[in-house]
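Asker: Chain by chain, the residues:
Protein chains: 2
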Amino acid sequence: MKDNERIEILSQRLVTWAKWFVKQQVACGDICVDATVGNGFDTLFLAECVGPEGKVYGFDIQQSALDKTKKLLSEAGLLDRVYLFHDSHSNLGTYLSHSTVKVVMFNLGYLPGGDHSLITKPETTIQALKAALPLLTTDGIITVVSYRGHRGAMEEYNAVNVFLSEINSKKYRVFCIDILNQDNLPPVLFVVHRYR
Amino acid sequence: MKDNERIEILSQRLVTWAKWFVKQQVACGDICVDATVGNGFDTLFLAECVGPEGKVYGFDIQQSALDKTKKLLSEAGLLDRVYLFHDSHSNLGTYLSHSTVKVVMFNLGYLPGGDHSLITKPETTIQALKAALPLLTTDGIITVVSYRGHRGAMEEYNAVNVFLSEINSKKYRVFCIDILNQDNLPPVLFVVHRYR
Numbered sequence: 001m002k003d004n005e006r007i008e009i010l011s012q013r014l015v016t017w018a019k020w021f022v023k024q025q026v027a028c029g030d031i032c033v034d035a036t037v038g039n040g041f042d043t044l045f046l047a048e049c050v051g052p053e054g055k056v057y058g059f060d061i062q063q064s065a066l067d068k069t070k071k072l073l074s075e076a077g078l079l080d081r082v083y084l085f086h087d088s089h090s091n092l093g094t095y096l097s098h099s100t101v102k103v104v105m106f107n108l109g110y111l112p113g114g115d116h117s118l119i120t121k122p123e124t125t126i127q128a129l130k131a132a133l134p135l136l137t138t139d140g141i142i143t144v145v146s147y148r149g150h151r152g153a154m155e156e157y158n159a160v161n162v163f164l165s166e167i168n169s170k171k172y173r174v175f176c177i178d179i180l181n182q183d184n185l186p187p188v189l190f191v192v193h194r195y196r
Numbered sequence: 001m002k003d004n005e006r007i008e009i010l011s012q013r014l015v016t017w018a019k020w021f022v023k024q025q026v027a028c029g030d031i032c033v034d035a036t037v038g039n040g041f042d043t044l045f046l047a048e049c050v051g052p053e054g055k056v057y058g059f060d061i062q063q064s065a066l067d068k069t070k071k072l073l074s075e076a077g078l079l080d081r082v083y084l085f086h087d088s089h090s091n092l093g094t095y096l097s098h099s100t101v102k103v104v105m106f107n108l109g110y111l112p113g114g115d116h117s118l119i120t121k122p123e124t125t126i127q128a129l130k131a132a133l134p135l136l137t138t139d140g141i142i143t144v145v146s147y148r149g150h151r152g153a154m155e156e157y158n159a160v161n162v163f164l165s166e167i168n169s170k171k172y173r174v175f176c177i178d179i180l181n182q183d184n185l186p187p188v189l190f191v192v193h194r195y196r
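Protein chains in written order, with the working numbering: chain A, 1 to 196; chain B, 1 to 196.
Everything labelled a hint here was simulated from the structure, so no lab data went into it. It is possible that some hints are incorrect.
Given that identical chains are not distinguished, each listed pair holds provided it fits within a single copy or across any two copies.
[To be verified] Dumping the calculated EDC-like pairs for lysine to aspartate or glutamate here, alpha-carbon to alpha-carbon at most 16 Å:
1. Lys23 to Glu155
2. Lys170 to Asp183
3. Lys55 to Glu123
4. Lys70 to Glu8
5. Lys171 to Asp183
6. Lys23 to Glu8
7. Lys23 to Glu48
My request is simple: use the sequences and hints to build the entire structure.
Answerer: As C-alpha cells, this is what we get:
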C-alpha cells in the first residue's frame with residue numbers, strides 16, 4: 001500500500017487495516033514491536049516501515065516461529081534492524097524503555113501452520129497490553145487483531161475488550177473495528193492511539 | 001483531506017472518518033445522497049466530491065435545514081448539481097433508481113442549532129436504510145453516524161445495529177467503528193460496503 005494510491009481498504013481483511021494504521025503513524029528511525037512474531041510477516045512489514053535507522057523488537061514463545069522469521073528477514077536483507085526474543089510478550093517491558101515505541105502489533109490466536117493448541121491466552125495478553133501501553137510515544141499506536149472462532153478465542157477477545165474499554169481516556173483513545181453481518185464471527189481490530 | 005497527504009485519521013472525529021471513507025469511493029460523475037441534510041455540510045462535501053458531472057440528492061423534513069443548505073451550496077457555486085427534497089429519507093427510493101448511487105450518508109440525531117426534540121427515529125431510519133441498500137452500485141457505500149447520548153438515541157443506535165447485523169453478507173459487508181474507552185458514549189460509525 002503506497003500512501004498516495006487509492007486505498008480500497010473496505011475490500012481488505014482487518015489484518016490489512018492494522019497495517020494501514022501502522023503505515024500512517026510510523027516514520028523512518030522509529031522503534032516498533034511485533035508482540036506476536038508468528039510467521040514473521042508483520043515483523044518484516046515493520047522492518048520495512050522503520051527504515052535502516054529504525055529498530056524492530058519481536059517476541060514469540062515458539063522457537064520455530066523465530067527461526068522462520070529470522071530466515072525471512074535475512075532473505076529480505078533486513079535482519080540487522082530486527083531483534084528477536086524467545087520470550088512471552090508479557091515480558092516485553094523488560095527489553096524496552098518507556099515512551100520510546102511508535103507501534104506495537106498484536107495478532108492473537110495460534111501460529112498459522114503451527115500447533116493450533118498453542119494459543120495466546122487472556123492473562124498473558126492483558127499483561128502484554130499493560131506492558132505495552134507505557135512504552136508508546138505520543139502519537140504511537142497498539143494494534144490488536146483478536147479472533148473469536150477458535151477454542152478459547154472468545155474469552156481472550158472479551159478480556160481484551162474489557163481491558164481496553166477501561167484504559168485512561170485522557171491519554172489513549174481506543175478504536176474498535178468490527179464486521180457485523182457475518183455468520184462465522186470474523187476477527188476484530190482494536191487500535192489504541194496515544195494522543196497525549 | 002487530499003488523497004496523498006498523511007491522513008492522521010486517528011485524531012479525527014468519526015464524522016471525519018465517514019467523509020474519509022466516502023472520499024475513497026466517490027469518482028467524478030457519481031450520484032450520491034445526503035439522507036440527513038441538516039446544516040448541509042455533508043451535502044456540500046458530497047457536491048465537491050462528485051464534480052460538475054455528478055449529482056447529489058438531499059433529504060430533510062425540516063424546511064429551515066433545506067433553506068440553509070440551499071444558501072450554503074449557492075454561495076459555493078455548486079447548487080446546480082444538488083437536488084434538495086422536503087421529504088423523509090424513508091422515501092428516498094421514490095426519487096432514485098436501483099443500482100445507481102455510489103454513496104448514501106446518514107448523520108442521525110437532531111439538527112445542530114435546531115430543535116433538539118426533532119430527532120431521527122428508529123422506524124424511519126430503518127426504512128431509509130432499507131430503501132438505500134438496493135440503490136447502491138457495486139463498490140458503493142452507506143455511512144451512518146449514530147449517536148447514543150441524547151434522549152431516544154440509544155434505541156435508534158440499537159435498531160440500526162441489529163438491522164445492519166442481519167443484512168445479506170453475500171452482497172454487503174458492514175463495518176462498525178466504535179470508540180471504547182469514553183465515559184460519555186461517543187457516536188458509532190457504520191459503513192456498509194456493497195462489494196458485489
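Asker: Give a verdict on every hint.
Answerer: Hint check results:
1. Lys23 to Glu155: neither (30 Å within a copy, 37 Å between copies)
2. Lys170 to Asp183: between (36 Å within a copy, 11 Å between copies)
3. Lys55 to Glu123: Cα proximity of Lys55 and Glu123: none, with 27 Å in one copy and 53 Å across.
4. Lys70 to Glu8: This pair counts as neither: shortest intra-copy Cα distance 31 Å, inter-copy 32 Å.
5. Lys171 to Asp183: Intra 35 Å, inter 14 Å, cutoff 16 Å: inter-copy only.
6. Lys23 to Glu8: The answer is both: 15 Å in one copy and 11 Å across copies each meet 16 Å.
7. Lys23 to Glu48: within (10 Å within a copy, 28 Å between copies)
Hint violations for this structure: numbers 1, 3, 4, all remaining hints satisfied.
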